[in-house]
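Going down the list, the sequences are from chains A and B.
Be aware that the first sequence starts at 1069, since it is given in this note's numbering, and climbs by one per residue.
Be aware that the second sequence starts at -8, since it is given in this note's numbering, and climbs by one per residue.
Among the chain A residues that face chain B by a calculated CB cut under 7 Å, a handful are:
#1 L1073
#2 R1074
#3 R1075
#4 F1077
#5 K1078
#6 D1084
#7 R1088
#8 S1092
#9 Q1096
#10 H1099
#11 A1103
#12 A1107
Derived from the structure by calculation, the hints contain no laboratory data.
Even glycine gets a Cβ: it sits at the ideal position worked out from N, Cα and C.
Listed below, chain by chain, are the residues.
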Amino acid sequence: APHDLRRPFKRAAISDQQRRRELSLQRQAQHRRDAQHQARCLASFLNPHSEPEPEPEPEDSPKELDVRHASKLKGAEARKWFARQLMLPEWMIDVPDQLPQDWYVFARPAGKRCFVVSSNGTTADQTYYVIDMVCWREYSLYDCTAEFRFFWLSSKLAETGACDPPSQYHRYRFSPVPVYNCDQAGLSAAYTGAVPYVKDGLLFYNKYDLFFCSVDNAGNAPLALVWKDENCSQYVIDTDSKGQVPSQQQVVLELQDNGNLSTSDDPPVVFGCLDQAFIEQAESRSGNLLRFAIGDGGLSFVDGKLEKADLHYLGKSNRARAFADSYSKVMFQYMARHSPLRIDDLLASINSLSDQENKPSDVEMVG
Amino acid sequence: MITAIIILGRTTATHTHTATLHWRLCLLPTLSARVSDSPLLSSFFFVSLIGFLITRSLARSPSQLANSIQMAMEVTQVLLNAQAVDGTVRKQAEENLKQFQEQNLPSFLFSLAGELSNDDKPVESRKLAGLILKNALDAKEQHRKLELVQRWLSLDPSVKTQIKACLLKTLSSPALDARSTASQVIAKVAGIELPHKQWPELIGSLLSNIHQLPGNTRQATLETLGYICEEVSPDAVEQDHVNKILTAVVQGMNSSESNNDVRLAATRALYNALGFAQANFSNDMERDYIMRVVCEATLSPELRIRQAAFECLVAISSTYYEKLAPYIHDIFNITAKAVKEDDEPVALQAIEFWSSICDEEIDILEEYGGDFTGDSDVPCFYFVKQALPVLVPMLLETLLKQDEDQDQDEGAWNIAMAGGTCLGLVARTVGDDVVPLVMPFIEENITKPDWRQREAATYAFGSILEGPSPDKLIPLVNIALNFMLTALMNDPNNHVKDTTAWTLGRMFEFLHGSALETPIITQANIQQIINVLLQSMKDVPNVAEKACGALYFLAQGYEDAGSSSSPLTPFFQEIVQALLTVTHREDAGESRLRTAAYETLNEVVRCSTDETASMVLQLIPVIMMELHQTLEAQKLSSDEREKQNELQGLLCGCLQVIIQKLGSSEQSRYVFMQYADQMMALFLRVFASRSATAHEEAMLAIGALAYATGADFVKYMPEFYRYLEMGLQNFEDYQVCAITVGVVGDICRALEDKILPYCDGIMTQLLKDLSSNQLHRSVKPPIFSCFGDIALAIGENFEKYLIYAMPMLQSAAELSAHISGADDDMLEYTNSLRNGILEAYSGIFQGFKGSSKTQLLMPFAPHVLQFLDSLYMEKDMDDAVSKTAIGVLGDLADTLGSNAGSLIQQSVSSKDFLSECLSSDDHLIRESAEWAKLAISRAISF
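Bound conformation, chain A alone (with noise of 0.2 Å):
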């Protein structure tokens, strides 16, 4: 039979019963995404060749893993969560193996890093220069090796529009920075290469690193390195709060319980030890970090390690200071000053693996 003829009228499309529905089964699949992506963001245990992993730490998490959960967290705590996110290059104060093979290098843009958490497209009138993504929407990119996450970052971060100027979506303008693999022609290039921001040395990437673990179990390598001279950074030599080079060099230790003074690594250096009445009379506090300048006694070393430090307290350092410097900081500032790590030394590197691979190698006899 014909059907009715009436139709809907001065009624509004959608019903807001359906519309109630509809928002349910909205906010339902968006939280079964979400756990579904979160459950994609554990890193999988599974490793043919080997057990298991021990169960992560109490601190670790997956709350605590999640950026997502994160991006939520204010102030204070905010401030610690990201800051133990941000991958803290090591200094370079000896050239790595096997350069040209297994490491990236870019020129490293002057300015301060930060981590950048954007949701749904929108950040919160300048130009961020990209470097490093650690997760991306769908999944983290903890777990994955540098040379995934740079391949990532370059195409996901044109898709989105974030290259494009500044929007009423993103006042801020994302670009990533050129990457090279860091065998004699691209260190080159990202050493004298024009670039579009102001550079500050060198940042050294190994490939195979993941992100959270830039130092790996064991203690060895670094796996993100940062270098420079006076060709490629303005601030070779650190300065004071006023911008001078102050005549000695000067570091930032932390005093602990037992009156130690030693560096940010894990596990730290100890640069020297204060008296406890030294402690009261400066009216410092265990986990207080210190200023000192280096004096004309200099570092001295044996067999490698740091034997003393000719350590002068200048007074406590700026609150805005999150971290005692590293090791490998004031190692390197030290041999900027004595002894600096050159770009030919690095150059040379290269040069030395790549005329060993052209040895014939050695055979071993069996016969």
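Following the hints, put chain B in place on chain A, whose structure we already have.
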């Protein structure tokens, strides 16, 4: 597929996992429940009717046998008694009929057919006999319908032959009612038999010597043909028969047919036969002929014939839109004349023709984004645009023919309403072009003393607000807004005020919001607008309801205000108060005013910001108190109870919106959780009512509460569980079942592994749901997704359900992998099914990740990969399925790792499908693909 069928009684939660049950999947009646001929049964019944009667009856007591025989003789009296005014007599007769049917179905059906065909019997008993016969062949409910079909097919063929002979004979009866009833029964039998290639002689015997038949028989024959076309799908009828049917029908419609009853029956038959006429409409000559006859019939002196002919035109406009170009000019003239001069039933059809053309063109233009490309199915012919200069004046004319009380009458439908609705569709079809044609009418009439003119002008303005560009409309709205606000306050006519409030709502719906560059609501006028709307909410119910509607869209326009600040904030308290006052009006039951007030309250809450969170919070105890009162009400009449249930639905809906709003922000969630216990207690009490709507709303609210509460929700589970189970068992109100399935997902995510103690029961119920052929098919895909939710929540504890869930998933996957030749609806359903299956796999794989039991999933990996491969080969999955499917590939690799490495590498999915997804235009697909690529590379690198 697992074939053993176990229909469970009640399986208690604790021993499900020990029972060795196999579940049969029942997804698609059309796919899995194939109707089979039953040779065994047929041969068993291969005896004459009388012989049969005796054989079967021997097993029964002599008195029962006597009953049956007596019944057959007295059937006329029983059928008359069944229509008696005296309830006792009626009840007794109904009981007799029921017994007769149960004791001896073939004899019963044959008696009825005999009664129907016997011209010596009273027409009342014949009609009822036919009706009972019809109901023995068909039912509304799908499950019952399949049973009846099966029952008819397995009847003794000789009985069926005799019944059919009786039915065909009845078509020649002088009694119109008997003929008409027989027509319907014949169509029902045809509906069952033709698809099974039975009764092949039906069409031939109906059409043989149709020209020689007397008028009444021809009329009944044509009517029967029409019903058959309505009942049977076109592919069950050979083209040769289609040609014969159409020829007979169109000849019967011809103006040369002098018998009006025959002509009417033929015209109505054509309406149903149009779907069969694809081939004939592609033939120019045949199409011309059909169109000519239809158009001529619109000019018949007989009103019912004209109306039926226009109904044909309406059907043709949607079925054969692309064939209309040569006729559209003539049709316009015919429709214009009918709209102007003809009786209302005919004029309404004539307007409907243009509404239907608009529907078609809106769909086409929407689908092709305005530019027609060569490979599109149907081009847009822009009939509406071409007819615009004459069509619009014709429609505007109708607006002045309002009925006095149409706004108070829910079921009203008249030419003014139809014309206004059509004008709105025209505006959506042509956009800007409609505006200059309508504006002069508005300007001329809007200030006239006659309310009809003012109302018509206002309605015209309201109806063109959707379609034309904001650039075109905003300047007009800026001028009109003030006028409308004044009219809403001061016009003496309720009808005008109703339409004015509606028009304001349309302004806010389409021209107010963050997407529009120039706001029509500003700091300067918002105060006045809100004052007028709140004032108007005190007007008569129909006007107040429209004012609530306008406020709804006013609030909606600010939904993007975010968490910062909304222009509504200063008025928030006042608005909420006014809406609550409306809900308490004595007359709030009229014109769905109370519903509108709560719906507006919902939208105001949804679009509120952090600034007003504390006021939203204060609403909770208020709404809870209202809900509490409805639950306390005693001794209600059934009418009052129904109203009470409706109100409970609205209140639960409102609480749901509030929970969802406050639950989404960390701070407000913390504060509102103080009410969680009380809210939950109220929701549980709502389940005591028998109203499906109230259940649905309460269930939705509980889902929102579970999400907001998180793991603490576990404390409600002991009490809530039985209602959850009840919801999952509600096949009849499948919406409730569907929503409950969704809530299970919410609870899984809230409780995670704390849901474990309830999983046996839930899984049992979900498996039963999947096996049921009574449950609406739309609920089945979400059930699969729910498997995934459960697996993700309980991880390796899902182990014990694998033996049930996996075969179900596997057979569903097989069914859904290949569906060649399905229509759009079927494809859409199949894709939602695939998505559900894939979400289940995804959840199961991820749930087992990192467990020592991942090897349990290994046996299923080949099948899952095969499913992905076949989906890829079929090339008919939508983007959502692609995304989920490629994600499953990643999940499989992620969880099974190197164990599945070689399997993965052998699959087409890991190569062609993956690389296709990696270069997809859809970034969600690409992301899933990149995840899969990463997971695969990890899996195969070891």
